[in-house]
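Number of protein chains: 2
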Amino acid sequence: MDRFLVVSSDCHAGLPIKEYRPYLDPQYREILDQAAPIEIEMAGKASESFLIKEINEQWRAGNEDVLTGAWVHEQRLQMLDADGIAAEVIFPDGITEVNTPPFGAGISLGTSEEIVPELQWAGARAHNRWLAEFVSATPERHIGLAIVPIVWDVDQAVAEARWAAENGLKGVVLPNMTRHHAGYNHRRYHPFWEACESLGLIAHFHSGAAPMEQYFGNDWPNTPADVDNPGAVGAYVSEVSWWTFRPATFLIWGGVFEQFPKLKVALTEAGTAWMIPPWLRLMDHHYHDKQFSAKMGDFTAHLSMSPSEYFRRNIAIGASCTARADAEIRHELGLEQIMWGSDFPHPEGSWPHSHEQMTRAFGGFPEQDVGMMLGENAVSFYGLDRDRLLPIAERIGPKKADFISAPT
Amino acid sequence: MDRFLVVSSDCHAGLPIKEYRPYLDPQYREILDQAAPIEIEMAGKASESFLIKEINEQWRAGNEDVLTGAWVHEQRLQMLDADGIAAEVIFPDGITEVNTPPFGAGISLGTSEEIVPELQWAGARAHNRWLAEFVSATPERHIGLAIVPIVWDVDQAVAEARWAAENGLKGVVLPNMTRHHAGYNHRRYHPFWEACESLGLIAHFHSGAAPMEQYFGNDWPNTPADVDNPGAVGAYVSEVSWWTFRPATFLIWGGVFEQFPKLKVALTEAGTAWMIPPWLRLMDHHYHDKQFSAKMGDFTAHLSMSPSEYFRRNIAIGASCTARADAEIRHELGLEQIMWGSDFPHPEGSWPHSHEQMTRAFGGFPEQDVGMMLGENAVSFYGLDRDRLLPIAERIGPKKADFISAPT
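These protein sequence lines are chains B and W, in that order.
Numbering (the working numbering) for the first sequence: 1 to 408.
Numbering (the working numbering) for the second sequence: 1 to 408.
Treat the hints as calculated values from the structure; they're not laboratory data.
The beta-carbon is built from N, C-alpha and C at its ideal position, and this holds for glycine as well.
Just so you know, not all the hints are guaranteed correct.
The following residues of chain W were derived to be distant from chain B, with all beta-carbon distances above 10 Å [said to hold, decoys possible]:
no.: 1; residue: Q27
no.: 2; residue: D65
no.: 3; residue: R188
no.: 4; residue: E239
no.: 5; residue: L303
Below, simulated EDC-like cross-link-like pairs (lysine to aspartate or glutamate); rule was C-alpha separation at most 20 Å, straight line [claimed, not checked]:
no.: 6; chain 1: W; residue 1: K45; chain 2: B; residue 2: D298
no.: 7; chain 1: B; residue 1: K45; chain 2: B; residue 2: E97
no.: 8; chain 1: B; residue 1: K45; chain 2: W; residue 2: E367
Build the full structure now, drawing on both the sequences and the hints.
Printed below as a string of structure tokens:
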């Protein structure tokens, strides 16, 4: 084949909020009618204070039709084809501020005391039902992820995982931030990891959530960031990857991969993946070197492997719009761990210029390495049907010839 | 001189809790009488679940007399002399579980809703009064730090900073964790930075505080860590440095060093200082590279320098028991930023074997570099009276000859 098989490890889809109505359990539909205008207004405010409205609007101009691929399946396939993508992982939240599931069930998946658990569950289930339907037409091209607000009730989370697996979804998205709830090292989550392992569902943590009130103040998003909180955005972007890796810190030390050795976890949109080797080195340091922490006793007895070994065995990185700097350190980072992604339809993503982004990131590296990062790693990690994807890649994949030389 | 002038950037001192009584404002003394037994019991529980009592007791055996140097000045001087230390920075909390100022005013300096601000302030002031007295006999050898629980009331914090400067203290210790209060980028703290800058007080963040309930569960320290929260200690030790650097992330991005260019900050007991270069690289990346965050607008306009430039100008690292790995990357880390420390009287520190620890960490490196890391950097950073310290160093400092070769 003279083309690469590309899998995007990071795409987003979701209905415009009001269109979730028929997918909601009936008792929540009237609440949606009342809440939708408020949620739309709040999202707009977040857009004005945190996101720059003009830049987003400019970026979207002329792409309005294809952007409906955030929820219209036919447009979705056209988008994937035009972008050279054979298969994709689908997270919630399509066009930011527009396609977020209701009641706080979007990608940020809040766990603070402001969230009403029953409603968040209702919003999550509505999205999961819609998504199961959305991926059903061309299941070989989509890895749909169910939203699971696990912190409130682990039994419900297990039930939702079962429902997801039975309905063609292939993974779950969990909150990054457990806040005042048990951390991911806690035994209460074990039944859920067991369910994921036995059902073959992959657990996902996606960048975005962070304690926004700590950067922007307790009134966010109702006040502009820069008035009282200068530098809020800088602090946020410098920490957001840490909040995404953090669940893995807890899972690794908690012995979750020791007890559930086949559990797989993806950390997605880890924008600065070159922070991963120092993070692994730090954990390994504390695993091997006890001088600093001797007074705390032996805290590694329950782990048969070092943190970086669990990482290599159980975790993959959704390296959306992989930076060339990350591809350069692929062996240190873990070549098999890196999965490219387009982040459609987000403005920081590569769509609709994925071809240029890919060749800039990977041009000049060995063909086999490029193939792994662009798609083959994801094929293995997600257990995709390669035979069904190859004919698609042959038709729409980026040509290998375009990756021969490094960008000038 | 054939000996090094050594300054410990990290030592601890504090009275046994009941002995703070006469230093408390009278209206809080009865509360102390009631609270002291409970506080001692809670500290004991923390010691049993988090710290390993036996290891600590074993480590202390035979050193009981010198350990009273945690609060007895004469013993203090003997300890410093025997350890080869000419001058020291004094944080609160002497012997863990024993010498913590009352009412949550210790080094962890809680900011959660469980803290009673008025009482924490009372405990902090009692410690500050005692410490001012403690350092007054040999002021050239001590850099006493006032405890300032800044989050509750910035005016009070400014007043305490003035009191500290007027009473011979040379810096302040602030909470690492602002929790639900404004982050350190917030303008409300500006009057305090202005006060520190004009009074020449150095602001300190010391390792230790972290959201313990997230690792150990909401009942900590009342339940043993490993029952429901396996790996809690591993996750804690892997994150604790991050929580110590974090205030600097907020200060840098918040433009605090831009507005208060002479403000100095020390980050102390940053056990794994080799995590600092990646942290600086990450912040510089976001300062220079806007693709990822273009949708968030220009968030660097208020900064005339890059994050790492502010770090080099305004921040020093209290590299307690400096690891050889940290000394090896001293130029990348910032040679002038590294200040050795003994961490007396904590079991993870180098006391009473500082001579061996120093030669192991620094043996074989250029004499000038070693001298800077052991003491000269701290002399500059804290503005110490070198002429008064030199005769002391000539008497008790470690011999340069012992640092000529690398450890085998």
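State the violated hints by number, sorted upward, taking the hints as numbered earlier in the document.
3, 4, 5, 8
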